[in-house]
Amino acid sequence: MAAPTKAKKRDFFDWLHGYTGQKYTTTILFLLIPIILMILFTVIPAVNMGIFSFQERDQFGASVKWVGLDNYKTLFSDSSYFETFINSIYYFAGSFVQQAVALLVACILCTKIKFANVFKGVIFFPYMMNGVAVSLIFRRFFQKGDGITNTEGTLNSILMLFGADPVKWLSNTDIVNWCLVFASVWRYIGFDIIMYIGAIQSISPDIYEAADLDGANSWQRFRYIIFPSIRPIIALQLILAIKGSISVFEIPYIITGGRFGTSTFVIRTIDTAFTYQHVGLASAMAVVLLAIILVVTGIQKAIFREDK
Amino acid sequence: MKLKKVLSAAVCSALVLSAASCGGSTASTTTAAATTAAANNNDTAATEAAATEAAATEAPAADDTTSGEKLTLTVLTCRTDRVQDGSLDAITDAFEAANNCEVKYQGYTDYVSDVSTMMNTTDYGDVLMIPDTVKLTDLANFFEPLGSYDEYKDKYNWADAKMYDGTVYGIAHRGNVSGGICYNKKVWADAGVTKLPTTPEEFIEDLKLIRDNTDAIPYYTNFAAADWTLVQWAALVLSASGDPAYENNILVNKEDIFVEGGAYYNVYKLMYDVFSDPTLIEEDPATTDWEGCKAAINNGKIGTMVMGSWAVSQFAEAGPNPDDIGYMPAPFSINGKQYAQSAPDYCYGINKNRSDAIKELGKKYITWYIEESGDAQAEGSICTLKGSEMPEYLDAFKDCELFVAEPAPDGLVGVWDTINNDSQVGTWAGDAANFKIRIAEAAIAGEPFSSVEAIFADNNQRWAATRDANAELEAYLAG
Numbered sequence: 001m002a003a004p005t006k007a008k009k010r011d012f013f014d015w016l017h018g019y020t021g022q023k024y025t026t027t028i029l030f031l032l033i034p035i036i037l038m039i040l041f042t043v044i045p046a047v048n049m050g051i052f053s054f055q056e057r058d059q060f061g062a063s064v065k066w067v068g069l070d071n072y073k074t075l076f077s078d079s080s081y082f083e084t085f086i087n088s089i090y091y092f093a094g095s096f097v098q099q100a101v102a103l104l105v106a107c108i109l110c111t112k113i114k115f116a117n118v119f120k121g122v123i124f125f126p127y128m129m130n131g132v133a134v135s136l137i138f139r140r141f142f143q144k145g146d147g148i149t150n151t152e153g154t155l156n157s158i159l160m161l162f163g164a165d166p167v168k169w170l171s172n173t174d175i176v177n178w179c180l181v182f183a184s185v186w187r188y189i190g191f192d193i194i195m196y197i198g199a200i201q202s203i204s205p206d207i208y209e210a211a212d213l214d215g216a217n218s219w220q221r222f223r224y225i226i227f228p229s230i231r232p233i234i235a236l237q238l239i240l241a242i243k244g245s246i247s248v249f250e251i252p253y254i255i256t257g258g259r260f261g262t263s264t265f266v267i268r269t270i271d272t273a274f275t276y277q278h279v280g281l282a283s284a285m286a287v288v289l290l291a292i293i294l295v296v297t298g299i300q301k302a303i304f305r306e307d308k
Numbered sequence: 001m002k003l004k005k006v007l008s009a010a011v012c013s014a015l016v017l018s019a020a021s022c023g024g025s026t027a028s029t030t031t032a033a034a035t036t037a038a039a040n041n042n043d044t045a046a047t048e049a050a051a052t053e054a055a056a057t058e059a060p061a062a063d064d065t066t067s068g069e070k071l072t073l074t075v076l077t078c079r080t081d082r083v084q085d086g087s088l089d090a091i092t093d094a095f096e097a098a099n100n101c102e103v104k105y106q107g108y109t110d111y112v113s114d115v116s117t118m119m120n121t122t123d124y125g126d127v128l129m130i131p132d133t134v135k136l137t138d139l140a141n142f143f144e145p146l147g148s149y150d151e152y153k154d155k156y157n158w159a160d161a162k163m164y165d166g167t168v169y170g171i172a173h174r175g176n177v178s179g180g181i182c183y184n185k186k187v188w189a190d191a192g193v194t195k196l197p198t199t200p201e202e203f204i205e206d207l208k209l210i211r212d213n214t215d216a217i218p219y220y221t222n223f224a225a226a227d228w229t230l231v232q233w234a235a236l237v238l239s240a241s242g243d244p245a246y247e248n249n250i251l252v253n254k255e256d257i258f259v260e261g262g263a264y265y266n267v268y269k270l271m272y273d274v275f276s277d278p279t280l281i282e283e284d285p286a287t288t289d290w291e292g293c294k295a296a297i298n299n300g301k302i303g304t305m306v307m308g309s310w311a312v313s314q315f316a317e318a319g320p321n322p323d324d325i326g327y328m329p330a331p332f333s334i335n336g337k338q339y340a341q342s343a344p345d346y347c348y349g350i351n352k353n354r355s356d357a358i359k360e361l362g363k364k365y366i367t368w369y370i371e372e373s374g375d376a377q378a379e380g381s382i383c384t385l386k387g388s389e390m391p392e393y394l395d396a397f398k399d400c401e402l403f404v405a406e407p408a409p410d411g412l413v414g415v416w417d418t419i420n421n422d423s424q425v426g427t428w429a430g431d432a433a434n435f436k437i438r439i440a441e442a443a444i445a446g447e448p449f450s451s452v453e454a455i456f457a458d459n460n461q462r463w464a465a466t467r468d469a470n471a472e473l474e475a476y477l478a479g
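Protein sequence lines, in the order shown, are assigned to chains A and B. Going by my numbering, the first residue of the first sequence is number 1, and it counts up by one from there. Going by my numbering, the first residue of the second sequence is number 1, and it counts up by one from there.
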């Protein structure tokens with residue numbers, strides 16, 4: 001009886017030693033850690049959030065009550081929760097400018113200019129900076145001094161050099177959202193530029209050569225070669241811009257605290273959870289945001305399938 | 001061959017691990033093993049936990065004052081400044097010597113939110129300042145009962161601050177008059193003000209005098225940090241009402257929260273009136289600077305700020321003119337008399353998950369801190385022990401009637417908080433959608449925001465809707 005078992009065992013080890021076996025072991029071992037991390041820090045919290053959204057609970061989870069869909073009813077019957085999405089339009093509008101400028105800069109950097117790599121580095125740098133740090137920089141940048149507790153910020157100082165009057169950037173409701181959008185564009189444009197540069201550089205140089213022989217000028221080269229080749233990337237960037245603009249958070253939260261009409265849905269969610277202790281309702285808000293983003297991602301997937 | 005080695009190594013390590021875990025479970029009853037196990041562990045939290053555990057098993061057998069084992073008491077505090085400069089440690093030496101123990105202070109800058117998060121586990125210090133996010137009805141889930149209200153009510157001020165069902169769970173470590181206004185005495189005198197204002201109209205007239213007769217900013221809004229600086233106005237409400245049971249009465253009589261002539265209305269109307277006159281406040285409220293304003297009020301560049309009395313010492317220390325900083329009562333009178341509410345600061349409670357020895361030591365610590373340390377007086381606040389002397393800076397309050405807010409009657413405990421949170425009116429909140437922020441925005445930026453009356457009406461309506469749906473209040477009113 002012992003012999004067959006041994007034989008079987010050897011079979012298993014042989015298999016393990018073989019190509020397929022090694023392939024499976026390496027794959028599983030390599031995947032194990034990221035999957036554990038993902039389950040621990042993404043899946044479990046997300047599932048918990050889904051469960052919380054059907055409960056009435058505070059920050060401590062001391063007296064939990066199941067309320068079914070009540071949180072969702074509250075959310076959809078009070079328009080004030082969704083009004084904050086209006087501010088997302090500013091960021092969405094800003095993202096168009098951002099894409100246009102990014103594309104222009106990317107095209108310039110792809111031509112034979114000096115110090116192209118230095119420029120790439122400098123332009124990409126803001127994206128690597130912490131969002132909180134960027135917000136603090138811009139809070140100082142837009143500051144209006146009163147000469148007593150603080151001095152004029154960078155922007156006002158420069159304006160005053162040219163003899164202009166200092167402006168209250170952050171308490172004027174007509175411009176405050178645009179100031180925040182500017183900070184947001186400044187931070188994320190580097191990433192877009194790098195994406196576009198990557199896409200443009202993947203175009204075969206033969207095509208340019210052919211175009212040169214045909215006597216195409218720069219605009220024609222852009223219009224008939226570059227633009228069609230990078231269209232999928234442009235579509236992707238626009239979808240990312242929509243996602244980004246509905247989940248804006250740290251820039252308004254730190255620069256203005258959501259005041260003077262700059263609040264966003266995520267800020268409202270945070271306040272609901274931690275100021276008013278409605279963790280259940282806030283979880284429902286987070287689930288709704290997740291659903292919106294899933295829908296946008298679905299649209300993105302659909303568009304890309306058509307492109308293929 | 002390699003694989004075999006790996007397998008045998010795995011088997012070996014499994015054996016070792018299981019042996020270790022067996023050893024662990026048998027040895028955990030003895031202190032020595034627990035401490036060694038903990039010592040092997042680099043994680044300090046685990047070490048602490050093990051140490052407390054060890055203390056727990058040892059304490060009943062041995063008298064903790066005679067045994068060599070020193071108890072360690074961890075105290076969570078929001079006073080990071082006093083932890084860093086060592087002044088808390090310095091005053092605690094006497095207690096440590098008397099009780100043969102070690103008191104460790106842990107300071108948290110963002111105290112309420114950090115400690116609230118820690119309270120999801122059992123590890124939140126031994127003695128801690130009870131965060132106000134814990135509802136009174138939940139106190140028993142987290143804190144050790146300290147005794148009945150009757151035991152404390154004649155001895156201590158504010159004994160009911162952290163009380164539920166007649167049981168006290170926390171004792172204020174000090175207290176203060178709540179609701180007052182910090183001002184620079186020199187600025188106000190230079191402006192020609194001889195008598196402190198007792199009505200909102202007089203207050204605004206005085207600010208205008210400051211604007212006309214001095215270079216100082218009459219009122220500094222601190223709006224950039226509005227999430228807590230505007231909340232300071234909430235402390236004026238009860239003083240403005242002059243009624244210790246003001247909030248209970250609003251509930252019982254089913255009144256709107258903002259009624260013309262009511263204290264909530266009056267206080268925030270005053271805020272609106274001050275903020276809506278750009279000549280009375282700083283240039284740009286969106287970029288104010290809290291640290292900078294401390295020195296500015298000390299140097300007479302700012303006239304006035306509504307702040308809790310805790311701010312007085314900070315303003316006094318921020319520059320060369322500590323004597324110029326004054327504190328005045330809320331400018332509201334009822335039948336010609338001004339009132340001022342006094343209220344507790346954070347209350348010390350004891351973590352209910354700790355061993356009896358630690359709890360006992362914690363109680364001793366709280367009693368010592370309040371009755372013997374003299375820290376409250378040294379800090380310029382009112383001591384919790386009844387009959388202690390009032391601090392000097394409260395001179396302007398000597399003509400005021402001081403009162404302590406009446407606790408909610410049985411059956412109404414926690415109802416105000418519930419309605420306040422559920423309706424998202426948030427009398428003590430400062431989030432971007434809160435009425436304080438909206439009123440200030442309406443005052444400062446005007447047009448795009450709803451009028452102050454509309455904000456009052458909106459909040460009244462939300463309050464009333466939530467209140468009418470509150471079963472506890474219905475039950476109370478019915479029986």
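One or more hints might be untrue.
[What the hints assert, rightly or not] Covered by chain B, per the in silico footprint, the following chain A stretches (three or more residues, Cβ under 8 Å):
hint, segment
1, 149 to 158
2, 219 to 229
3, 252 to 261
[Said to hold, decoys possible] With a Cα cut of at most 30 Å, we get these calculated DSS-like pairs of lysine-lysine:
hint, chain 1, residue 1, chain 2, residue 2
4, B, Lys208, A, Lys73
5, B, Lys337, B, Lys364
6, A, Lys65, B, Lys352
7, B, Lys254, B, Lys135
8, B, Lys364, B, Lys195
9, B, Lys337, B, Lys186
10, B, Lys135, B, Lys364
11, B, Lys254, A, Lys65
12, B, Lys364, B, Lys155
13, B, Lys153, B, Lys359
14, B, Lys352, B, Lys70
15, B, Lys186, B, Lys104
16, B, Lys186, B, Lys364
17, B, Lys135, B, Lys398
18, B, Lys363, B, Lys70
19, B, Lys135, A, Lys65
20, B, Lys208, B, Lys359
21, B, Lys153, B, Lys352
22, A, Lys168, B, Lys208
23, B, Lys135, A, Lys168
24, B, Lys254, A, Lys73
No lab work stands behind these hints: they were computed from the structure. Every residue, glycine too, gets a C-beta built ideally from N, C-alpha and C.
Check whether three or more residues of the segment 219 to 229 of chain A sit with their beta carbon closer than 8 Å to a beta carbon of chain B.
violated (count 0)
Restraint status (C-alpha distance of B:Lys337 to B:Lys364 at most 30 Å)
41 Å, violated
Holds or violated: B:Lys135 with A:Lys168, Cα cutoff 30 Å?
41 Å, violated
Need the status of pair A:Lys168, B:Lys208: alpha-carbon distance at most 30 Å?
Within the cut-off at roughly 23 Å; holds.
Keeping to a limit of 30 Å between CA atoms, is the pair of B:Lys208 and A:Lys73 held or broken?
Violated: B:Lys208 and A:Lys73 sit about 49 Å apart, past 30 Å.
Checking one constraint from the list: CA of B:Lys254 to CA of A:Lys65, max 30 Å. Satisfied?
Since the Cα atoms of B:Lys254 and A:Lys65 sit roughly 27 Å apart, the hinted pair holds (cutoff 30 Å).
Keeping to a limit of 30 Å between CA atoms, is the pair of B:Lys153 and B:Lys352 held or broken?
23 Å, holds
Satisfaction of hint between B:Lys195 and B:Lys364, Cα-Cα up to 30 Å
Not OK: B:Lys364 and B:Lys195 at ~46 Å, beyond 30 Å, violated.
Do at least three Cβ atoms from the segment 252 to 261 of chain A come closer than 8 Å to Cβ atoms of chain B?
Coverage by chain B holds for the segment 252 to 261 of chain A (6 residues, Cβ < 8 Å).
Does B:Lys186 pair with B:Lys104 here, judged by a C-alpha cut-off of 30 Å?
42 Å, violated
Please work out if B:Lys337 and B:Lys186 have their alpha carbons no farther apart than 30 Å.
This hinted pair holds, its Cα atoms lying about 26 Å apart.
Quickly compare the C-alpha distance for B:Lys352 and B:Lys70 to 30 Å and report which way the hint goes.
OK: B:Lys352 and B:Lys70 at ~20 Å, within 30 Å.
When each numbered hint is compared with the structure, violations occur for hints 2, 4, 5, 8, 15, 16, 17, 20, 23.
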